[in-house]
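Mind docking these for me? Both chains are given alone in their own frames, and the hints should help you get the complex.
Protein chains in written order, with this note's numbering: chain R, 267 to 378; chain Z, 7 to 244.
A couple of the hints might just be wrong.
[Claimed, not checked] From the structure, some residues in chain Z lie toward chain R, with a derived Cβ separation under 8 Å:
{"no.": "1", "residue": "T61"}
{"no.": "2", "residue": "N82"}
{"no.": "3", "residue": "P84"}
{"no.": "4", "residue": "F236"}
[What the hints assert, rightly or not] Where chain R lies over chain Z, by a calculated footprint (3+ residues, C-beta under 8 Å):
{"no.": "5", "region": "45-56"}
{"no.": "6", "region": "191-205"}
Note that these hints are calculated values from the structure, not bench results.
Remember, predicted model here, so these are calculated numbers, not experimental data.
Ideal placement from N, C-alpha and C gives every residue a C-beta, glycine not left out.
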Amino acid sequence: MADLHSAQSGHEVAGEPHGTVYQRIWRPFLILLVVTVAEFIIALAIPDSLMPKGYKNALYIVLTIAKAFYIVSFFMHLRFERAGLIYAIVVPLAFIVALIAAMFAEAGYMAG
Amino acid sequence: MASSTPSATIETGTWAGGKLPFGASFGKLMMWFFLLSDAFTFSALLIAYAVIRQTHQAWPLPDAVFNSVPFLHGVNAPLVFVGIMTFILIMSSVTMVLAVDAGHRYDKKNVILYLVLTIIGGLTFLGCQAWEWTHMIADQGVSLSGNPFFDPNNPIYFRPDGSPTGAIQFGQLFFVITGFHGFHVFSGVIILILVLVAAIDGKYHNRGNHYEMVEKVGLYWHFVDLVWVFVFTSFYLL
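Isolated chain Z (complex conformation) (with noise of 0.2 Å):
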């Protein structure tokens, strides 16, 4: 009986196997396929919330529902809070870009360093939101199923039985939108706290593969940062 002859000819080309044809880790380019699929995510919400608010008419005012800062109280600040929340975003990112630039550099002692900073940005940011969130939920009475938003004089702020509403959706969408964005920084702090604890013990150092895993996990940060800019300019300024 005739044993198998092995295949003559034997495949070399970049998609035969055994190589990297975009030039990126296993790891890295599931992350970023991860994170292409988590955009879906992100743009259904934000497709619906644009076809929910463009049918209706009645609309809270960004300027008049984000307009507290903590410790002024009754001051009147439009947009200000969410301003320093941007901020902090922005600056947690810019200190995970210099991590992931230490650990190019296998400079141990500063991925540790930028590593904890982005973790205290991410839990400032956090922090923010649990305090706009309550703010709006017992001082502006802003619930899933109303909110104070409405003009008296106009009648399509009213339901048919006569109680008024702002447009009820506003709280929905702003809830559900904002809070599953808050649960991916939440989601991103403890990743990048499990990726300081095995750096700090020096797992990433020994790999020779200049701290993919931070990288990897930067990626992760850096596409929060990039949703908060979508949800941003849905919520706060249009």
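Looking at chain R on its own, in the form it has when it is part of the complex (with noise of 0.2 Å):
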């Protein structure tokens, strides 16, 4: 029960901050603002001349899931959380993102 206790007054579940104030906060929202950016040069400056618009929609998808990564990890802290939450939390995500991207491949095949 002490154990308990202790465990809801906070201690244990809230932990001391992992790394800087830097580290937590302003370089993942870096990450994020750079990528989102670099989303924006390849949908207006690059032509589909240059990059088939197939490419640009592979590494939209992968520079989508590089932004959810940092979200989740680092706004959402999964990744300083017991493996056991994390995996509850990250193994459905990862079958959904992957029916996702099967969907936008695949469905066309529907079309005949």
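Here it is, written out as structure tokens:
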């Protein structure tokens, strides 16, 4: 019971912050910003003749998953949680992302 | 009559009760599982979008649809406005992290400051979305039953009765998916306002759990940002 109480009072749960404010907040923010700007550059500045739409789309999906990784792991703090919680959340999400990517790539066959 | 004897052994393992197997409090764990179920909802919508879009040759070009900015009438500025919206949402995520961080330090003043900034960011995003929807519906004529983005020389853009249409589903999918996301932003703003009032009241300060409620609403807010990352890619880039 004492164990539970100390856990609920936050000493075990909240833990110490991991890394400096720059590492935890501003570096992920800068990465998100740079990746988003890169997406706009790909969309607007690079003509389709230089880089076919198919390659662009693949790149967009990779960059989107990279952004999702930084939001979930740093902003939502998931990478500092216990392994059990990480797997409980990430494994279903990985299947979802795979299904979305598969549908974008394969659904065209339904058009016949 | 013999009274029931207490069990000889008391379980003491991680999962025997009275412990936190995931190292997270009940509320935080349930928030994570709620967000996972919400992710299923959004992915159902996005998977439907992917399938419907891939089975239709006639799909509006994002650069042609999303090319307007408020106060710059008639200026062709593809994706500029949605870039501003994306930036606002990322910034509100950062102020949310800063609020959570201040909560860990029991810094009530900064918790309030950053919660207010996050609420302003959320409301600004909602305002931008309201403008975008109004522009699409009133000026461009996108609706649930059709849109004006079609090529008159291409037969795939015409219904059997001869009336022109872009892919009808474009408007349906756009309004349903961005509307569902906007509804989440709206709910998030309401929850943030409730948390702000309680934080000003000193309610979380006295709980002695490092402002965990701010952390939980923060998880929700970052999830909304996360969904926008996928909505943005699906509708504006692909």
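Here is how each hint holds up against the structure:
Given the 8 Å rule on beta carbons, the hint for T61 (chain Z) holds: about 4 Å separates it from the nearest Cβ of chain R. Look at N82 (chain Z): its Cβ only gets to about 11 Å from chain R, farther than 8 Å, so that hint breaks. Checking P84 (chain Z) against chain R: minimum C-beta separation of about 6 Å stays under 8 Å; hint holds. Proximity of F236 (chain Z) to chain R holds as hinted, the smallest CB-CB distance being about 6 Å (cut-off 8 Å).
Figure legend: the region 45-56 of chain Z, annotated as covered by chain R; annotation consistent (6 residues with Cβ-Cβ distances under 8 Å, at least 3 required). By the rule of at least three residues with a Cβ nearer than 8 Å to a Cβ of chain R, the coverage given for the region 191-205 of chain Z is violated, with 0 such residues.
Comparing the model with each numbered hint stated earlier shows that hints 2 and 6 do not hold.
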